[in-house]
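**Student:** Sequence:
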Amino acid sequence: MYQLPVPRDGLAARTRAGRRPARTPSFAAPATATRAGLACRLALALALAAWPAARAWSQAISQEAAANQEALREQERARALREQFERQPEVRLPTGAGPSDGGRLRFDESPCFVIGHMVLEGEAAARFQWALAAAGVAQTGQPDNPLGHCLGARAIDQVLQRVQNAILARGYVTTRVLVAPQDLSGGTLKLTLIAGRVRAIRTLPGSGARATLWNAIPVAPGELLDLRAVEQGLENFKRVPTADADIQILPAEGAGAGPGDSDLAVLWRQGWPLRASLSLDDSGSAATGKYQAAMTISYDHPLALNDLFFISVNHALSHAQSSGQGATAHYSLPYGRWLLGATAAHNRYRQSVPGAFQAYTYSGESKNGDLKLARVVYRDAVSKSTVSLRGWARSSRNFIDDTEVAVQRRRMAGWEMGLEQRATIGPATLELHLNYRRGTGAWHAQRAVEEARGEGTSRFGLIATDATIGVPFTVAGQQLRYQGAWRSQHNRTTLIAQDRFAIGGRYTVRGFDGENSLVAERGWLLRNEIGVPLGASAQELYVGLDHGEVAGPSSANLVGKRLTGAVLGLRGQWRTLQFDGFAGAPVRKPPPFRTARRTAGFSINVNY
1443 MYQLPVPRDG
1453 LAARTRAGRR
1463 PARTPSFAAP
1473 ATATRAGLAC
1483 RLALALALAA
1493 WPAARAWSQA
1503 ISQEAAANQE
1513 ALREQERARA
1523 LREQFERQPE
1533 VRLPTGAGPS
1543 DGGRLRFDES
1553 PCFVIGHMVL
1563 EGEAAARFQW
1573 ALAAAGVAQT
1583 GQPDNPLGHC
1593 LGARAIDQVL
1603 QRVQNAILAR
1613 GYVTTRVLVA
1623 PQDLSGGTLK
1633 LTLIAGRVRA
1643 IRTLPGSGAR
1653 ATLWNAIPVA
1663 PGELLDLRAV
1673 EQGLENFKRV
1683 PTADADIQIL
1693 PAEGAGAGPG
1703 DSDLAVLWRQ
1713 GWPLRASLSL
1723 DDSGSAATGK
1733 YQAAMTISYD
1743 HPLALNDLFF
1753 ISVNHALSHA
1763 QSSGQGATAH
1773 YSLPYGRWLL
1783 GATAAHNRYR
1793 QSVPGAFQAY
1803 TYSGESKNGD
1813 LKLARVVYRD
1823 AVSKSTVSLR
1833 GWARSSRNFI
1843 DDTEVAVQRR
1853 RMAGWEMGLE
1863 QRATIGPATL
1873 ELHLNYRRGT
1883 GAWHAQRAVE
1893 EARGEGTSRF
1903 GLIATDATIG
1913 VPFTVAGQQL
1923 RYQGAWRSQH
1933 NRTTLIAQDR
1943 FAIGGRYTVR
1953 GFDGENSLVA
1963 ERGWLLRNEI
1973 GVPLGASAQE
1983 LYVGLDHGEV
1993 AGPSSANLVG
2003 KRLTGAVLGL
2013 RGQWRTLQFD
2023 GFAGAPVRKP
2033 PPFRTARRTA
2043 GFSINVNY
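If you're matching positions, the sequence shown starts at 1443 in the numbering used here and goes up one per residue.
Check the hints yourself; a few may be wrong.
Okay, derived cross-link-like pairs now, BS3-like style, lysine-lysine, Cα gap no bigger than 30 Å in a straight line [to be verified]:
| id | residue 1 | residue 2 |
| --- | --- | --- |
| 1 | Lys2003 | Lys2031 |
| 2 | Lys2003 | Lys1732 |
| 3 | Lys1732 | Lys2031 |
| 4 | Lys1814 | Lys1680 |
| 5 | Lys1680 | Lys1732 |
Since the hints were made in silico from the structure, they are not lab data.
Bear in mind that the values here come from a model prediction, so they are computed numbers and not experimental data.
Generate the whole structure from the sequences, applying the supplied hints.
**Tutor:** In structure tokens:
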């Protein structure tokens, strides 16, 4: 534990001041009284000598709260960094659905045969039995069962087209269904399926020499050709920003090519793989530096595995008495429908704390790391579902001068399960995230000091949700865009400060300067934004209205639980320059909550 520094010459100072001990007269009190007086003077001198350090200690306690605030701010910056550089492209390919089924079936043809049973035969037909259900549904979605009716040639062709369209809608664009010559007098209609398979996966002339196909496309030669697998392969190629790819489905030719066989021919190209990004913003705090500069170096496709690597360093542009700096590194690579990613970060800050006779330096460092494995478990023409498992570890230490404040040391680890859902609903895009995070004793995790008071634990459990929706629309001929974002957290246990939910600032509820936040165990926020494109330029004027609330045991000690803020801004791009500038103000806040009456901010990013 941190010990208060006490000068050894605290009593001697009185002697250097020139005061001599008085002689004891003959009628003096007993020696025990003299010793008692000396002890009192000694205690007073020690207290006076220790007072500056004790004051520094009390200020360190308040600085711990500021450190927790800085940790939450770093988490939001890390989230924004990963959203910017971990590219997640969305690829939707048209299925090329067949022609209309001709409407409802007609049963007045001649000649016709009463059909009481329908079967699907052929190689791989067992995997497509579900398609037969489409035979009894018209294109309008109304029931139109052919069984038990007398079907002529036109009606049979309609039934065939319905089954074919159902297979195409699932993405099996090279699988075909036909009606072979047969005797229908027995009342059974036999449909024959010709499975569409991949014969070969190859590159086209003009592709780059470092093209890698085996870990990008989640289908192998001999397997059924599924358009969803082609979409996944294109996403794996296009996640590398300097690479581009196109996949063509070509009929297989030559020896060994059978009916339904196709080749996947890939045209892959990549530009210069190294990228650099310089950024400047004012997202920092007054304590550690308002202006933050960062440089990010990215190396695309470094191991020729459609992989990504970047390292980002940031530093506060502040005066010498306080500073903050950090570094983040990330690497990820795909394997078919799987994605493996690893991230590590190290942050430091330093702040001068004035004392009675000298200034003390309060500093700290934090380390974070995680390993995440994700898999796409379902996708169709309009949606995609992904599950993930993440292991994480983090630690932090704080110091007064060069002495560690042991009670503020943190070392935690745990795991997180996640579910992600992306969907396109008409012109709207929807993205949902549901995560359960749990702290454990892995990697020598330490118990939190708050556990003794029942105010937090390193073995915590919480549920976090994120949702975003984007909807383009038109008003009086003007193109507009609505962007909504929802975020919430629900705790299953008590939480330490770094795991709590915070609102107030550019990353949460805008309109507040971010120097102070409302922080508690659980909460939610909603960000609403309307964007107006400015002509044909790559610029957009936007207005936003945000609201957030917190709750939980610790919220009883807060000045309030709700914040509402508004923002007006302009963002855009000019050549390699990206910018965002905004001004905002609180709309609703607790009266004692301290924040600027108006706030403004900016971010500038230059890419090379």
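**Student:** All the hints need checking, so say for each whether the structure fits it.
**Tutor:** Taking the hints in turn, this is what the structure says about them:
1. Proposed proximity of Lys2003 and Lys2031 is supported: the alpha carbons are some 9 Å apart, at most 30 Å.
2. Distance check on the hinted pair: Lys2003 and Lys1732 sit about 26 Å apart at the alpha-carbon level, within 30 Å; holds.
3. Restraint check for Lys1732 and Lys2031: satisfied, since their Cα atoms lie roughly 23 Å apart, inside the 30 Å limit.
4. Simply put, Lys1814 and Lys1680 have alpha-carbon atoms about 20 Å apart, close enough for the 30 Å limit, and the pair holds.
5. Proposed proximity of Lys1680 and Lys1732 is contradicted: the alpha carbons are some 36 Å apart, above 30 Å.
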